[in-house]
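Taken in sequence, the protein lines are chains P, U and Z.
First residue of the first sequence? That's 1 in the working numbering, and the numbers climb one at a time after it.
First residue of the second sequence? That's 369 in the working numbering, and the numbers climb one at a time after it.
First residue of the third sequence? That's 615 in the working numbering, and the numbers climb one at a time after it.
Any given hint could turn out to be false.
Claimed, not checked - With a straight-line Cα cutoff of 25 Å, these simulated SDA-like cross-link-like pairs (lysine to any residue) come out:
1. U:Lys581 / Z:Met754
2. Z:Lys902 / U:Ser599
3. U:Lys592 / Z:Gly871
4. Z:Lys767 / P:Ala6
5. Z:Lys767 / P:Gln2
If you're looking for bench data, these hints aren't it; they were derived computationally from the structure.
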Amino acid sequence: MQQFFAFVQKEVFHILRDYRTLLIIIGIPIVQILRFGFALSNEVKNTKIGILDYSSDYMSRSLVEQIEASQYFEIVEFLESTEAIAATLRKGKTKMVMVIPAHFEDDLLHQNSAQLQLITDGTNPNMATTLINYISAITMEFQGRTLGNNAMPLQIKVTNRMLYNPQLRAEFTFVPGVIALVLMLVCTMMTAVSIVKEKEMGNMETLLVSPMNPLAFIISKAGPYLMLSLLILTVILWLSSALLNVPIRGSLLLIYGVSMIFVLGALGLGLVISTLTDAQQTAMMISLTGLMLPTMMFSGFMFPIESMPVPLQLFSHLIPAKWYFYSIQAVMIKGLGVQHIWKEILILTVFTVVFLTISFKKFKTRLA
Amino acid sequence: MNGQNSIMTEGLTKRFGDFTAVDAISFQVIKGEIFGFLGANGAGKTTAIRMLCGLSIPTEGHATVAGFDVYKSAEQIKRNIGYMSQKFSLYDDLTVWENIQFYAAIYGLDKKAIKLAGDKLLDRLGLRNEINTMVSELPLGWKQKLAFSIAIIHQPEIVFMDEPTGGVDPLTRRQFWLMIYEASAVGITVFVTTHYMDEAEYCDRVAIMVDGKIEALDSPKNLKQQFHSDSMDDVFYQLARKAVRS
Amino acid sequence: MNSISVKDVGKYYGRKNETVALDKISLEVSAGSIFGLIGPDGAGKTSLFRILTTLLLPDAGEASVQGFDVVKDYKEIRKIVGYMPGKFSLYQDLSVRENLHFFATLFKTTIEANYELIRDIYSQLEPFNNRRAGALSGGMKQKLALCCALVHKPEVLFLDEPTTGVDAVSRKEFWAMLKRLKQQGITIFVSTPYMDEATMCDRIALIQGGKIMSINTPYGLLEEYSSPLWGVRADNMYQTYLDVLQYPAVSQCHTFGAYHHVRLREGAAAEGLESYLQTKGHSEIEIKIISPTVEDRFIDLMQTENKYLI
Numbered sequence: 001m002q003q004f005f006a007f008v009q010k011e012v013f014h015i016l017r018d019y020r021t022l023l024i025i026i027g028i029p030i031v032q033i034l035r036f037g038f039a040l041s042n043e044v045k046n047t048k049i050g051i052l053d054y055s056s057d058y059m060s061r062s063l064v065e066q067i068e069a070s071q072y073f074e075i076v077e078f079l080e081s082t083e084a085i086a087a088t089l090r091k092g093k094t095k096m097v098m099v100i101p102a103h104f105e106d107d108l109l110h111q112n113s114a115q116l117q118l119i120t121d122g123t124n125p126n127m128a129t130t131l132i133n134y135i136s137a138i139t140m141e142f143q144g145r146t147l148g149n150n151a152m153p154l155q156i157k158v159t160n161r162m163l164y165n166p167q168l169r170a171e172f173t174f175v176p177g178v179i180a181l182v183l184m185l186v187c188t189m190m191t192a193v194s195i196v197k198e199k200e201m202g203n204m205e206t207l208l209v210s211p212m213n214p215l216a217f218i219i220s221k222a223g224p225y226l227m228l229s230l231l232i233l234t235v236i237l238w239l240s241s242a243l244l245n246v247p248i249r250g251s252l253l254l255i256y257g258v259s260m261i262f263v264l265g266a267l268g269l270g271l272v273i274s275t276l277t278d279a280q281q282t283a284m285m286i287s288l289t290g291l292m293l294p295t296m297m298f299s300g301f302m303f304p305i306e307s308m309p310v311p312l313q314l315f316s317h318l319i320p321a322k323w324y325f326y327s328i329q330a331v332m333i334k335g336l337g338v339q340h341i342w343k344e345i346l347i348l349t350v351f352t353v354v355f356l357t358i359s360f361k362k363f364k365t366r367l368a
Numbered sequence: 369m370n371g372q373n374s375i376m377t378e379g380l381t382k383r384f385g386d387f388t389a390v391d392a393i394s395f396q397v398i399k400g401e402i403f404g405f406l407g408a409n410g411a412g413k414t415t416a417i418r419m420l421c422g423l424s425i426p427t428e429g430h431a432t433v434a435g436f437d438v439y440k441s442a443e444q445i446k447r448n449i450g451y452m453s454q455k456f457s458l459y460d461d462l463t464v465w466e467n468i469q470f471y472a473a474i475y476g477l478d479k480k481a482i483k484l485a486g487d488k489l490l491d492r493l494g495l496r497n498e499i500n501t502m503v504s505e506l507p508l509g510w511k512q513k514l515a516f517s518i519a520i521i522h523q524p525e526i527v528f529m530d531e532p533t534g535g536v537d538p539l540t541r542r543q544f545w546l547m548i549y550e551a552s553a554v555g556i557t558v559f560v561t562t563h564y565m566d567e568a569e570y571c572d573r574v575a576i577m578v579d580g581k582i583e584a585l586d587s588p589k590n591l592k593q594q595f596h597s598d599s600m601d602d603v604f605y606q607l608a609r610k611a612v613r614s
Numbered sequence: 615m616n617s618i619s620v621k622d623v624g625k626y627y628g629r630k631n632e633t634v635a636l637d638k639i640s641l642e643v644s645a646g647s648i649f650g651l652i653g654p655d656g657a658g659k660t661s662l663f664r665i666l667t668t669l670l671l672p673d674a675g676e677a678s679v680q681g682f683d684v685v686k687d688y689k690e691i692r693k694i695v696g697y698m699p700g701k702f703s704l705y706q707d708l709s710v711r712e713n714l715h716f717f718a719t720l721f722k723t724t725i726e727a728n729y730e731l732i733r734d735i736y737s738q739l740e741p742f743n744n745r746r747a748g749a750l751s752g753g754m755k756q757k758l759a760l761c762c763a764l765v766h767k768p769e770v771l772f773l774d775e776p777t778t779g780v781d782a783v784s785r786k787e788f789w790a791m792l793k794r795l796k797q798q799g800i801t802i803f804v805s806t807p808y809m810d811e812a813t814m815c816d817r818i819a820l821i822q823g824g825k826i827m828s829i830n831t832p833y834g835l836l837e838e839y840s841s842p843l844w845g846v847r848a849d850n851m852y853q854t855y856l857d858v859l860q861y862p863a864v865s866q867c868h869t870f871g872a873y874h875h876v877r878l879r880e881g882a883a884a885e886g887l888e889s890y891l892q893t894k895g896h897s898e899i900e901i902k903i904i905s906p907t908v909e910d911r912f913i914d915l916m917q918t919e920n921k922y923l924i
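So that you can see chain P by itself, here it is in the shape it has in the complex:
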């Protein structure tokens, strides 16, 4: 037991004294969350738009007032002609111009159909889509309120995406994604690198020629990183709920439980990687290209898996982060309980058991 504590103590010293790496590990998720938080508020809050109103009737003015009243848009310009639109957008400050054709009220009241034209700055297509969706949402609301329920809907292009994510809360996928990615990074790469470092520096040689218990060695390598990753998880959860208003609807205990299983699996994977190579550089490369990239590509948080070709969809099943991402999203955002994610938990557990078993089996008590 004494021996085990000596290992843990040594490991904690290693981690604390390499404060640059520590700073990066804790800093990355914080910066990501902050960046996302600020980017969000900049993009959809008080976006500058222009209005070209050919009608200038009661209905069109009401719509413009409603848009102005929302926190999302700030009307900075009333244009006079179509020719002015391009010039306005080219300056870059105004992100969108809404054109209300003549006879807007007439068309709406008598033909049950009116048109709005939205001209956006397409340099940032994501943002352009977002803006269109926001305006559409406001218009829908406007229609509902002023015309009552019987009226025919306004003929405004409404995207499908609007329907189930009216607020376009990207952070709902972003936060679980960052969690999965960071835990993977910390546990797998850091564990692999720290063991390989012992080999590279020649420390492993002396450790092996001692009554060292390999189990104590492995656990002491994994333990501190387990604690570190749970700390990081806490920081991310706190930041995202405090800053991004991402709700934690489900059980916190369940989130930590699932995370624990995932982290143990990632640690096991790190241990396996450490048996493959004797160079820190290689360990880092394997962790980055072999794990980080697939995690980003196939966990579903950057690219929807449903739209991938079938072989890639099948491949994504092999990515533990995918199952973890699903479960965290389900618990955190949808507030689902353990009965809904037992399948994911089971799969993650299998991964973890497999990785840990391989790593124990592969641990060599001799050199080469």
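Mind docking chains U and Z on chain P? Use the hints.
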């Protein structure tokens, strides 16, 4: 320039913060001599060599190497010296000939000159049959001889060597020193550091550094007389154990 | 009693075992002695160390340490040996004290329990107790590494090239420490490429190309050297060397720093060589009988038995 001296230093000093690594050393190395540069770990040898090779700018003092000032003409110095470090810098994954070609080109030899110098080198080392062998497959002793030959392929005025014979077998060590003799005989100045004290005896003159200063500089014979001992090992021990820093 | 016993141990590398690291070597080390394994880089020293410290499995033969088999009883051996690999494997980011404490705990003991054994060496390090190992000088690192290998009071100490890259003064101090450890009854198995250190050992093995060329006491080894050895010097050493080689009665000539070491064919006299050098125009000629060194014997063995030449 003084035609007799390959290296001249006057009060050459290097400080790192408040630590004086090299403390006002002054010495001359005569053209064509084998000059041994000894000192305990941390005595300042490496720092001094770096300044002389134009890799590090002195804090104070003067030095010329091959007639060029270390402050103003570092680039010319690099062109007129050869350098061989402990971990001789041959590329393991290149063949013997590729290594020769590469280094000769770096030192500014043109195609014709490379062919000429390379052929001569191969004949002298008896490596003609190995030109397509990967350097990694050569025995350590051969690698070392090849590294030395490549370090002087451009016929520099001076060659600097930092512990060139660490860990090689005694026979190779001897053959290596014969090559140094040979280089010196054709007028190349040899500036060498070593941990083998018997190798100090090969040198025409030896400088011993202690705590950043040169504590003794003379021929091995005179040094032994001066310190009343029968080996350079003992001379070195008498001087170096007085060192304060280690 | 033998502390270490090696019998026909072979170690081969490569896909078809074509690289021979150790070629069926045998040796015995008696308890409480200093045994030196002397040879250049690549001779197979580290392979033998790793086999004896149970880090590598031998491909042939058997070996034991304190009666324990290096293959079967590796766990026992790991408890009772101290090992200092070629690269001093200290934790650079831990302090002197933390390193020592870690290694003590690793062997389930404390610094205090075996303080007597390391006091001699550790007392020089204690002023730097809180300094990180990475910031120590080469000589200090070497001492700390030795302390760490000793802190559990091992019965056998394995030191793989402990003095490589360390200056002559630190090397002398280091050997003095080893002598004192030997007096405490510890068996010391040490390797070195510096042949002048051979005389500090009780017995030495000269190793080259994976083969042991000779095992003897340092004194006995030099006794093996039969014919007289002449030291020759003159004003121009290089020219002298070239000329001596041309002299018909010379069977061998090697440069050895201050003197060339020369052997003459049977029946030839040194006077002849002297007058020959004079006719070649050398001055300050000095020729005298000298006692051979371990290096002379090493070169001799390499040359007389061509198989050692690699």
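Hints violated by the structure (listed by number, smallest first): none
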